[in-house]
Amino acid sequence: MSSLRLLSSLRRFLPWLALALIAGLWAAAQIRPPQAAQAAAVRAIAGRVVDEQGEPVEHVEVRLYINDEREPVAHAISQGDGSYVLILPDDDVTSLRIEFTRAHFYPVTWTASLRELNDVLDHGGLVLEDTVLKRRLTAGFWAATLIFVGMLVIIATERLHNTLAALLAVAVLFGVSFVGGAIEPSLFVFTFEQALRHVDFEVIFLLLGMMIVIGVIEETGIFQWLAYQAYRLSKGKVWLLVIILMGFTAIATALLDNVTTMLLISPITIEIALAMGINPLSLLMPALLASNVGGLSTLIGTPVNIMIGSYEGLSFNDFLFNLTPGVLLAEAGLMVFLLLWYRKEYRKASTRISPTLLKRLEENGRIRDPLKLRRAGMVFVGLLGLFIFGAQLHLTPAISAIIGAVAMLLWVHQDIKQMMGVVDWTTLIFFLALFMVIGAVQEVGLISLIAEAVGRVVGNSLTVALLIVIWTSAFFSGVIDNIPFAAAMLPVVAFLTRNIPGAQNNVLYYGLAVGADMGGNGTLIASSANLVVAGIAERAGYPVTFKKFLKVGAPATLITVAIGCVWLFLHF
Amino acid sequence: MGKILCSTRGGEASIRTQEEAIRRAKETSDELIFFYVTDVEFLAFANYALHSDLVVSEMDRMAEFLMTMAVERAEKAGVAATYLIRHGDFVEELRRTIEEEGITLVILGQPSEEEGAFRLAELRALAQRIHKETGVAVWIPGLDEDAEDKPPTEHEDQEPL
Numbered sequence: 000m001s002s003l004r005l006l007s008s009l010r011r012f013l014p015w016l017a018l019a020l021i022a023g024l025w026a027a028a029q030i031r032p033p034q035a036a037q038a039a040a041v042r043a044i045a046g047r048v049v050d051e052q053g054e055p056v057e058h059v060e061v062r063l064y065i066n067d068e069r070e071p072v073a074h075a076i077s078q079g080d081g082s083y084v085l086i087l088p089d090d091d092v093t094s095l096r097i098e099f100t101r102a103h104f105y106p107v108t109w110t111a112s113l114r115e116l117n118d119v120l121d122h123g124g125l126v127l128e129d130t131v132l133k134r135r136l137t138a139g140f141w142a143a144t145l146i147f148v149g150m151l152v153i154i155a156t157e158r159l160h161n162t163l164a165a166l167l168a169v170a171v172l173f174g175v176s177f178v179g180g181a182i183e184p185s186l187f188v189f190t191f192e193q194a195l196r197h198v199d200f201e202v203i204f205l206l207l208g209m210m211i212v213i214g215v216i217e218e219t220g221i222f223q224w225l226a227y228q229a230y231r232l233s234k235g236k237v238w239l240l241v242i243i244l245m246g247f248t249a250i251a252t253a254l255l256d257n258v259t260t261m262l263l264i265s266p267i268t269i270e271i272a273l274a275m276g277i278n279p280l281s282l283l284m285p286a287l288l289a290s291n292v293g294g295l296s297t298l299i300g301t302p303v304n305i306m307i308g309s310y311e312g313l314s315f316n317d318f319l320f321n322l323t324p325g326v327l328l329a330e331a332g333l334m335v336f337l338l339l340w341y342r343k344e345y346r347k348a349s350t351r352i353s354p355t356l357l358k359r360l361e362e363n364g365r366i367r368d369p370l371k372l373r374r375a376g377m378v379f380v381g382l383l384g385l386f387i388f389g390a391q392l393h394l395t396p397a398i399s400a401i402i403g404a405v406a407m408l409l410w411v412h413q414d415i416k417q418m419m420g421v422v423d424w425t426t427l428i429f430f431l432a433l434f435m436v437i438g439a440v441q442e443v444g445l446i447s448l449i450a451e452a453v454g455r456v457v458g459n460s461l462t463v464a465l466l467i468v469i470w471t472s473a474f475f476s477g478v479i480d481n482i483p484f485a486a487a488m489l490p491v492v493a494f495l496t497r498n499i500p501g502a503q504n505n506v507l508y509y510g511l512a513v514g515a516d517m518g519g520n521g522t523l524i525a526s527s528a529n530l531v532v533a534g535i536a537e538r539a540g541y542p543v544t545f546k547k548f549l550k551v552g553a554p555a556t557l558i559t560v561a562i563g564c565v566w567l568f569l570h571f
Numbered sequence: 000m001g002k003i004l005c006s007t008r009g010g011e012a013s014i015r016t017q018e019e020a021i022r023r024a025k026e027t028s029d030e031l032i033f034f035y036v037t038d039v040e041f042l043a044f045a046n047y048a049l050h051s052d053l054v055v056s057e058m059d060r061m062a063e064f065l066m067t068m069a070v071e072r073a074e075k076a077g078v079a080a081t082y083l084i085r086h087g088d089f090v091e092e093l094r095r096t097i098e099e100e101g102i103t104l105v106i107l108g109q110p111s112e113e114e115g116a117f118r119l120a121e122l123r124a125l126a127q128r129i130h131k132e133t134g135v136a137v138w139i140p141g142l143d144e145d146a147e148d149k150p151p152t153e154h155e156d157q158e159p160l
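One line per chain: the protein sequences are A and B, in this order.
Quick note, the first sequence lines up with residues 0 to 571 if you use numbering that gives the first Met the number 0.
Quick note, the second sequence lines up with residues 0 to 160 if you use numbering that gives the first Met the number 0.
Treat the hints as calculated values from the structure; they're not laboratory data.
Mixed in with the good hints there might be a few duds.
Claimed, not checked - With a straight-line cut-off of 20 angstroms between C-alpha atoms, the simulated SDA-like cross-links for lysine to any residue are:
(1) A:Lys-371 - B:Thr-67
(2) A:Lys-347 - B:Glu-11
(3) A:Lys-343 - A:Ser-233
(4) A:Lys-133 - A:Glu-451
(5) A:Lys-371 - B:Lys-131
(6) A:Lys-416 - B:Asp-52
(7) A:Lys-547 - A:Glu-344
(8) A:Lys-347 - A:Ile-277
(9) A:Lys-347 - B:Arg-15
(10) A:Lys-371 - B:His-50
(11) A:Lys-133 - A:Ile-86
(12) B:Lys-75 - A:Ala-274
(13) A:Lys-371 - A:Glu-344
(14) A:Lys-358 - B:Thr-67
(15) B:Lys-75 - A:Ser-233
(16) A:Lys-133 - A:Thr-100
(17) A:Lys-416 - B:Ser-51
(18) A:Lys-234 - A:Ala-348
(19) A:Lys-358 - B:Arg-72
(20) B:Lys-75 - A:Pro-354
(21) A:Lys-416 - A:Ile-401
(22) A:Lys-236 - A:Leu-339
(23) A:Lys-234 - A:Pro-354
(24) B:Lys-131 - B:Asp-88
(25) A:Lys-546 - B:Leu-119
(26) B:Lys-75 - A:Leu-356
(27) A:Lys-371 - A:Lys-347
(28) A:Lys-343 - B:Leu-119
(29) B:Lys-75 - A:Arg-351
(30) A:Lys-546 - B:Gly-87
(31) A:Lys-133 - A:Pro-55
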């Protein structure tokens, strides 16, 4: 009975099964034979376009002309690796010509010899040798270079806010490119689409996500609590207090951000120092210098690391394994130096603090919102897990940060309007505009010229290249904002990494991070955290002048950069 | 009995000012109020995620700590003192407090050596401005001693700094 029922059901579905089978066979027939036919019929020319340094050139217009016709019969745009493929039409071909054109390069024309023509016609394809495009220094080159240098000068001299300076540069670039380019074509720099292609949205979104995460965490009072705990644990021993304070600011900066960390721990650190009867700068400076170094150890520790990681595709773990041990060594060196530097001040410390002041310290160093801290802590640990293990799931750091930020918003702090107010949009716009300006000088060939010049100086020596990258970055980060400097250096480092034997392990990128981040300790103006701490100290009656900062900052930079340098040489 | 308003921070230069204010209050039996204005202009340098109100409250806590230290210093010298913490523009808040509290003498702290001559000239100009606008005597301990051996008072009607 049951088998009859089964047969009857099968009969009912049989027409559908047959139809599905026929459809499947038809689909297979449709897919396979045309592929074979196409392979036999297609005639193609492929190749690669490179510049004089052998670097691939993207977005080159490649046009194929046959039989001396005026209109191209095929057209392609070179890809990121400089490659292109042109498909020949089925027409009879008696001659072949390819034109390569791109703004800021001299055009190149390739004409097929008889043998090459036969190769294409008989064998169906031809792979050309690399086509080399020569740079052309147009009026646009000089305009973009001038605008770029002008922006750096404005930023360095603080005539305008960084973001305004970068936006002004972008506006002038577009003005020159579009208005100027319409009058004098050689003034063309780039199109709007080309400018947008230079914006690294991985960096923008990673910063955005981390700003929200930090914005929630900073409300909990964890920074102030940690500073107070450092005081409690040290039991009046200043040297121990300095070590604990430096250790925790370094860790907080590596995982969060040094400006926020210093902004929130500076007031209570000043209180602790005053209560102990010592100059607050003898505690603030060690914490600040340690925080500038600590940020180097992770991908999310500083904006420069975020840019480097995104540019070269370095993961959170890459930074952790390749830089953190070096940072620990540098921090140890810094501790020894600072304990010696401030030894006279530390001797003045008193362990007898008045009960009123002690009570105030306790109050100021308490957790403000324990529930929020618990939740934010859990989300943050999850976020760290995503940073560390996310690469296996193809999660980029930016995606992880956005997931973490959304989790914070949903579970810890739902006031989206308030949290959007915490995001520093001016910084994000600064990055956006900066990427466009750097893109402009890349388009016109300035970066290639610099890369070529640096390449000539270092030759094939990785040692010389590493030393130059580290110390130049450290020096320039001391006198100008390290973000535009690092952004401009990235393509140069990329060029050196590709061309110097042994540099393919990305050591030069880590060298750039060491110099640019540790250079932030060199002068008062070298990092935002320095200026913020100086502002707070001044309000407490302890002004930090440029000279005063330089006295301790410059030797501290020399020591830490030297240790970072030695670490990179040993590790790589 | 008059009211002395001592504008102060917490540095070594401020401690000298506080001590002079305490000495003066003890001599005249005037009421002593320490005064601090919180401003967070330095946040312009901070380009990252920030709750500015959070920073203001941290700065307030620091100010309270500094003022508590000043009050303790006065109490040790046998002078009862209080403090006021305001927010915003220093000159505006100082002027408002002078009027609201009925202040009879303002004591301003001398800038530290690092702050230099420019800051000193600024301070002199500020003292003159405050006196002109409020009619209250303004004294900068350490600076006045060269010209006059003692601080100006409202009764002496002397030209302030």
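So, going through the hints one by one against the coordinates:
Only pairs whose Cα atoms come within 20 angstroms are accepted, and Lys-371 (chain A) paired with Thr-67 (chain B) is rejected, the gap being roughly 30 angstroms. Straight-line distance between C-alpha atoms of Lys-347 (chain A) and Glu-11 (chain B) comes to about 14 angstroms, which keeps the hinted pair within the 20 angstroms bound. Pair hint Lys-343 (chain A) plus Ser-233 (chain A) holds up; C-alpha atoms about 18 angstroms apart against a cutoff of 20 angstroms. For the hint pairing Lys-133 (chain A) with Glu-451 (chain A), the CA-to-CA distance comes to about 13 angstroms; that is within 20 angstroms, so the pair holds.
Distance hint between Lys-371 (chain A) and Lys-131 (chain B) is unfulfilled; the C-alpha atoms sit about 51 angstroms from each other, more than 20 angstroms. A C-alpha spacing of about 15 angstroms is found between Lys-416 (chain A) and Asp-52 (chain B), which places the hinted pair at or below 20 angstroms, so the restraint holds. Restraint check for Lys-547 (chain A) and Glu-344 (chain A): the C-alpha separation of about 15 angstroms stays at or below 20 angstroms, so the hint holds. Restraint check for Lys-347 (chain A) and Ile-277 (chain A): the C-alpha separation of about 6 angstroms stays at or below 20 angstroms, so the hint holds.
Of the pairs offered as hints, the one joining Lys-347 (chain A) and Arg-15 (chain B) holds, with about 19 angstroms between alpha carbons and a cut-off of 20 angstroms not exceeded. For the hint pairing Lys-371 (chain A) with His-50 (chain B), the CA-to-CA distance comes to about 16 angstroms; that is within 20 angstroms, so the pair holds. Distance hint between Lys-133 (chain A) and Ile-86 (chain A) is unfulfilled; the C-alpha atoms sit about 26 angstroms from each other, more than 20 angstroms. Restraint check: the Cα-Cα separation between Lys-75 (chain B) and Ala-274 (chain A) comes to about 16 angstroms, which is no more than 20 angstroms; the hinted pair holds.
Taken as a hint, the Lys-371 (chain A) and Glu-344 (chain A) pair is broken in the structure, with Cα atoms around 38 angstroms apart against an allowance of 20 angstroms. Restraint check for Lys-358 (chain A) and Thr-67 (chain B): satisfied, since their Cα atoms lie roughly 11 angstroms apart, inside the 20 angstroms limit. Taken as a hint, the Lys-75 (chain B) and Ser-233 (chain A) pair is broken in the structure, with Cα atoms around 28 angstroms apart against an allowance of 20 angstroms. Taken as a hint, the Lys-133 (chain A) and Thr-100 (chain A) pair is honoured in the structure, with Cα atoms around 11 angstroms apart against an allowance of 20 angstroms.
A distance of roughly 15 angstroms separates the Cα atoms of Lys-416 (chain A) and Ser-51 (chain B); the hinted pair therefore holds under the 20 angstroms criterion. Straight-line distance between C-alpha atoms of Lys-234 (chain A) and Ala-348 (chain A) comes to about 12 angstroms, which keeps the hinted pair within the 20 angstroms bound. For a cut-off of 20 angstroms, the pair hint linking Lys-358 (chain A) to Arg-72 (chain B) stands: about 17 angstroms separates their Cα positions. Of the supplied pair hints, the one linking Lys-75 (chain B) and Pro-354 (chain A) holds, its CA atoms being roughly 14 angstroms apart against a limit of 20 angstroms.
Between the alpha carbons of Lys-416 (chain A) and Ile-401 (chain A) the distance comes to roughly 17 angstroms, so the proposed pair stays at or under 20 angstroms and holds. With a CA separation close to 15 angstroms, the supplied pair Lys-236 (chain A) and Leu-339 (chain A) stays within the 20 angstroms bound. Of the supplied pair hints, the one linking Lys-234 (chain A) and Pro-354 (chain A) holds, its CA atoms being roughly 15 angstroms apart against a limit of 20 angstroms. Distance restraint check for Lys-131 (chain B) and Asp-88 (chain B): the Cα-Cα separation of roughly 18 angstroms lies within the 20 angstroms cut-off, and the hinted pair is therefore satisfied.
The suggested pairing of Lys-546 (chain A) with Leu-119 (chain B) holds, with an alpha-carbon distance near 19 angstroms, which does not exceed 20 angstroms. Our distance criterion of 20 angstroms between C-alpha atoms is met by Lys-75 (chain B) and Leu-356 (chain A), whose separation comes to about 14 angstroms. Between the alpha carbons of Lys-371 (chain A) and Lys-347 (chain A) the distance comes to roughly 39 angstroms, so the proposed pair goes past 20 angstroms and is violated. The straight-line distance between the Cα atoms of Lys-343 (chain A) and Leu-119 (chain B) is roughly 29 angstroms, outside the 20 angstroms bound, and the hint therefore fails.
For the given pair, Lys-75 (chain B) sits about 16 angstroms from Arg-351 (chain A) by alpha-carbon distance, which is consistent with the 20 angstroms threshold. The straight-line distance between the Cα atoms of Lys-546 (chain A) and Gly-87 (chain B) is roughly 29 angstroms, outside the 20 angstroms bound, and the hint therefore fails. About 12 angstroms separates the Cα atoms of Lys-133 (chain A) and Pro-55 (chain A), which keeps this hinted pair within 20 angstroms; it holds.
Of the numbered hints given earlier, the model fails hints 1, 5, 11, 13, 15, 27, 28, 30; all others are met.
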